[in-house]
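Visitor: One-letter residues, chain by chain:
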Amino acid sequence: MTSHDLLAILPELALVLGGGVLVLAEVFAPSLRRAFGPLAALIALGAMLLRWTVLVDGTAFAEALRLDELGRFVDTYVLVAVVLAALVAVPYLRRTKHEFGEFYGLLLWAAAGAMVMAKTDHFLVVFVGLELLSIGLYVLNAFHRTSGISLEAGWKYLVVGAFAAAILLFGIALTYGATGTFSLAEVAARIANGEGLSGSLLLAGLALILAGFAFKLAVVPFHAWAPDVYQGSPTPVTAFLSVVPKGAVLVVLMRVSAAFVPAALTPRWLPLLAAVAVASMVLGNLVAIAQRDLKRMLAYSGIAHMGYALVGLVAFGRDGLAGILVYFAAYTLMNIAAFAVVAAFSESEDEPHLLTDLAGQGWKRPVLSLALSIAMFSLAGIPPTVGFTAKFLVFRAAVNEGWVWLAVVGVLASLVSVFYYVRVVFYLYMKPLPKREPAYSEPWSIRLVAAGCAAAVVALGVLPAWLLELAEAAAATLVR
Amino acid sequence: MTYLVIPLVKIVVILLVLILGAAYLTFFERKILAYIQIRLGPNRVGPKGWLQAIADALKLFVKEDLTPARSEKFVFLLAPVLIIVPALLVFAVIPFGPSDIWRLTDINVALLFVLGVSSVGIYGIILGGWSSNNKYSLMGGLRSAAQLISYEVPMGFAVVTVVVMAGSLSLVRIVEVQRELGVWFFLPGIVALFVYFVCGVAETNRNPFDLPEAESELVGGFHTEYSGMKWAFFFLGEYANMIVISAMATVLFFGGWLPPFPNLLAPLWALPAVAWVPPPFWFLLKVAAFIFLYMWFRGTFPRYRFDQLMRLGWKVLLPVSLANLMVVALGVLILGGRS
Amino acid sequence: MLDWLVAHVVPIVFYTAAVLVVAGAIGVIWFRNPIHAALSLLATFLAVAGLFVLQHAEFIAAVQIVVYAGGVMVLFLFVMMLVNVRTLPREYQYVRSLLPAAVVTGGFLAAVVAAGLFARSYLAAADPAALTAVEGQTMGNTEAVGWVLYRDFLLPFEVVSLVLLVAMLGAIVMGRKDRREEDAGEEAR
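Protein chains in written order, with numbering that gives the first Met the number 0: chain X, 0 to 479; chain L, 0 to 338; chain A, 0 to 188.
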């Protein structure tokens, strides 16, 4: 290990050490509990600052880490999600009397796992990073220990996650058997040379890797866990869970595709991805219509959105990958805005977050309602929001690469989705307040997060050039 | 055929010496305890009681061997075997002297072999306790499982300290390094020695860590239901394990077969008057000293309570051994470590 | 006879250990008594360690015994004995629905194994010298493992240590007493 290696993982180190400090503070300075959430957000911000000031390029840790624009982009987005989730968690944990330093420690450590995953060029690191992320999330899901549905969420995510990890590991083992290396760059080189390549073994390995990742992405047919886990988990955790693992996994999938696809595998790999994308878009959007619980609805919406993102992966190319990256940024902002408001608009965490709970809140609580409405419009892909930009980029890339039918299915699916997203807005503004008015609190941190995210959604929707440039620079590291 | 016969003869000799030694250790233990408690000890069988161990062995041979009706017959039978076999297996790699005659084999991962084999020894106790279908036995077995797992960790770190200093996992090489350096590892590794021996006493379920068979609480602990030869196996296993721990302490910390001050007093050891003393003499002398320590403990210390035992293991010995490992590793690094 | 045995000791040990591995694995799901199943698994662990030794991976063999046989299985037994389940009840109702799943999974596994065996001809055989080589020099297997672990695989190694920390902390968070939750509640008030 050299100082170069240490500099390369400085932000991760900051997160890990910061998480440790928070966990220890829980023991030695419990009187500081109120400051834990903002502290965690500060640590994440510090890590982000380090990521963008200490610029290290090339590889580190015996080529296990690849430091490039892509990694930097994803790190930023993971850290933004951490900041937002930590801020949303403050009032939530206080209300449920679970205000412990361990929550933030686990959050930061899980984020470190996602960041390691996003930058790696090595299957083993992918696996251990994913485990770090997942094990942290298993606990965070069940963190609200006195609530049955939270425990259920933790349990289900644990069982499914362990299963997915086993499948992923099996796929990695087969790929190693076929190519004799864990390094993606090496795999790409060997496939390009056609040496040591056993078609059936490599395909089986690749299929298993895709299946393992599909569990984490919650795309059809590996989506069944998502609604229950989304519904049961503490809402800040749901917000984190709905964006960070998916982003990290998608980046790994991008890197895997970049390594594998240029070979003869393309005709088998792309139709598979396309089928998964179509199934996710259609099923996610159709089933979301039937949901009465906001968190479950957002879970199905998440399934559909990962379908859209996969369209970008099918299109591949620089445009497709840039589209996916913009999609990440958009999805993070709008999803966390939605979950932040959902966290505020509920009286008890044990009960379902029903759509009817929103009735009439539009005029009563203007900031949160407006933020939720903007998030919904953006999720539906209505301009001038960043959600529209993202969808436009992804579908355009698909059309340019000749996947017209895929783009058409995507557009149709998002037309369907407009119904249930706008229904939320309808409940907010067009329904009367119920007779027994619900007592929602409106903490400052949630207002800050919701308003900030909504503002960013609109701002980036109107002026997407800056984000697009960053995304294209990041995508250029994989595709020339 | 010689390549088979010689090791076989060695094995037979080692086993005989061990079993006889273990039998006589009981005699010595009773004698030593007696002197500590200012009484005579066994003195009726043979001159000064010297045949007592043989008489005890004969008694165990002819004793009725009971198997509880509702026990797990197969596991009940397996447990004594599981305790005695690992204890004996360890001697395959212990070097009693510098040349090949004095040892069965020298493998380059001997230390790992010892750690691995002795970690399997737990099963004898825990399965014996379980298969007896007796609450006292089960409690004894569970206690010992917790105790052995807990103390194996700091013990492993203490051993690793020696590995760091010696730069090898071969027991022969570890002794050789001690001769080359001119210092036995108990000096730089005094903390490791302490941790090792305390853990070793705990691993062998000896006083003051003999909770698994605390007779005032658990009747006989895990071997309550055992009798006759099977019980003798447990007994033999305990003493064989004591010898193992002592022999390993000798090899790791006290220069194995080396005579005292092997370099300074080299001319003295080369004198014809002492040169005929075979190296195993020194080895066995050091082992005997450790075994005496065991017996001294038994005559002196009261027994730990279970929570005290766990606290000592996890909150004292483990951090101490870890810190010691780091200090020693740093020292090796600074003093231009061996590789 | 004796000379033949000595000359063929490697295949003899290999096949003995291989049979033990498979028999132990079958025993794990065959025995109704969980302790017997655990012992069966122990036999598998030990036999796998034997296979590692045959492959000159002594360090891995030792780790296999110290960690799995000496640590993990003992804790398994510990828990089982505390729960004190003598035999598992027979559950017929699920068996029928499991059958198709078992057939499909088994078939898939068989196909993958077949693919692996078939693919062997494509790959150069693994180099056994790599198990003991450190920068071109032949040393011990332990040295080679240490060299690779702390150089090429340093990052995954460190991340794994963090994974274990998170898992431990998670277990503590899930298992801690409620007293502290009440304390937290009082402070919040």
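No lab work stands behind these hints: they were computed from the structure. Note that the structure is predicted; figures quoted are calculated from it, not measured. Warning: the hint list may mix true and false statements.
[What the hints assert, rightly or not] Chain X regions said to be covered by chain A (calculated; three or more residues, Cβ under 8 Å): (1) 106-118; (2) 141-147; (3) 199-208.
For each residue, glycine too, the CB sits at the ideal point set by N, CA and C.
Visitor: Now, for every hint given, state plainly whether the structure supports it.
Guide: Verification of the supplied hints:
| no. | hint | result |
| --- | --- | --- |
| 1 | 106-118 | holds (count 5) |
| 2 | 141-147 | holds (count 4) |
| 3 | 199-208 | holds (count 3) |
The structure agrees with every numbered hint stated previously.
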